[in-house]
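Per our numbering, the sequence shown runs over residues 651 to 875.
The set of hints was computed from the structure by calculation and includes no laboratory data.
A quick note: this is a predicted structure, and the numbers were derived from the prediction, not measured.
Backbone N, C-alpha and C fix where the C-beta goes; we use that ideal spot for every residue, glycine too.
Careful, some of the hints might be misleading.
Calculated pairs, DSSO-like style, for lysine-lysine (alpha carbon to alpha carbon, straight line, at most 30 Å) [unchecked claim]: (1) K714 x K751; (2) K850 x K714; (3) K850 x K821.
Ranges between beta-carbon positions, derived for each pair [unchecked claim]: (4) D836 x G865: 16 to 26 Å; (5) V842 x H792: 44 to 54 Å; (6) R660 x V776: 29 to 39 Å; (7) E672 x R875: 45 to 55 Å; (8) R660 x T873: 47 to 57 Å; (9) K821 x G872: 14 to 24 Å; (10) P815 x I839: 21 to 31 Å; (11) H827 x L766: 25 to 35 Å; (12) R875 x T822: 36 to 46 Å; (13) M651 x S720: 44 to 54 Å; (14) L766 x T862: 41 to 51 Å; (15) D823 x W722: 25 to 35 Å.
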Amino acid sequence: MRVLVIEDERGLAAAIARGLAEEGFVADVAYDGVDGLWSAVHESHDAIVLDLMLPRMSGYEVLKRLRAASVWTPVLILTAKDGEYDEADALDLGADDYLSKPFSYVVLVAHLRALLRRGAPARPAVLTAGDLDLDPARRRCHRGGQEITLTAREFTLLEFLLRHPDEVVSKTDILEHVWEENFDGDTNIVEVYVGYVRRKIDAPFGRRTIETVRGAGYRLRGTGR
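Throw the hints in and build the complete structure from the sequences for me.
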């Protein structure tokens with residue numbers, strides 16, 4: 651299995667490459683974001699180990715451009731940063747896994763093997779339904795090129811529906827994923843917020859993207875029509 655390591659600390663990059671070689675991997679190394687992006691796009695790899703803090707181009711930008719180019723090679727993020735928002739940003743941009751430095755090489759190899767077992771299914775970082783686009787990383791929504799302003803709750807609701815296109819999702823499903831798990835308020839809050847979202851993404855554009863399925867819940871049309 652061939653792994654691309656994009657890491658600017660040369661000593662660490664060499665150590666990772668040696669460790670991977672001892673486990674039977676073939677490791678290529680790039681020391682900055684620009685070279686790493688070129689290798690990731692133009693050469694074939696089974697997985698990528700990507701540092702976030704890179705010269706010339708950040709790991710975030712490398713990841714964003716990879717996914718924008720429809721390169722779905724599994725990506726394991728390595729970073730000295732230790733904040734949950736850094737992890738969330740990387741995952742929103744399309745990363746598959748995350749390890750903070752310092753890390754155990756045994757754990758690194760285990761994570762890589764898990765990624766390789768899962769493979770690389772296509773999973774765009776920007777969610778779409780027809781001309782409706784939702785970018786979780788940047789918290790932005792557009793329809794036909796026109797930006798739509800959503801509240802945090804509306805955004806989360808629409809994201810959940812877009813992640814289940816053409817599926818019927820119940821009010822209970824929505825409450826568990828968009829509100830807190832043990833929400834004990836009026837379940838009609840879902841209906842209210844679906845109405846809010848419809849008035850923003852559908853009504854001004856003459857569309858019916860979100861359908862009510864009587865007695866079952868809601869369905870978002872994958873075509874966006």
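Here is what the structure says about each hint:
no. : hint                    : verdict
1   : K714 x K751             : holds, 22 Å
2   : K850 x K714             : holds, 27 Å
3   : K850 x K821             : holds, 20 Å
4   : D836 x G865: 16 to 26 Å : holds, 18 Å
5   : V842 x H792: 44 to 54 Å : violated, 24 Å
6   : R660 x V776: 29 to 39 Å : holds, 34 Å
7   : E672 x R875: 45 to 55 Å : holds, 54 Å
8   : R660 x T873: 47 to 57 Å : holds, 49 Å
9   : K821 x G872: 14 to 24 Å : holds, 21 Å
10  : P815 x I839: 21 to 31 Å : holds, 23 Å
11  : H827 x L766: 25 to 35 Å : holds, 29 Å
12  : R875 x T822: 36 to 46 Å : violated, 27 Å
13  : M651 x S720: 44 to 54 Å : violated, 21 Å
14  : L766 x T862: 41 to 51 Å : holds, 42 Å
15  : D823 x W722: 25 to 35 Å : holds, 27 Å
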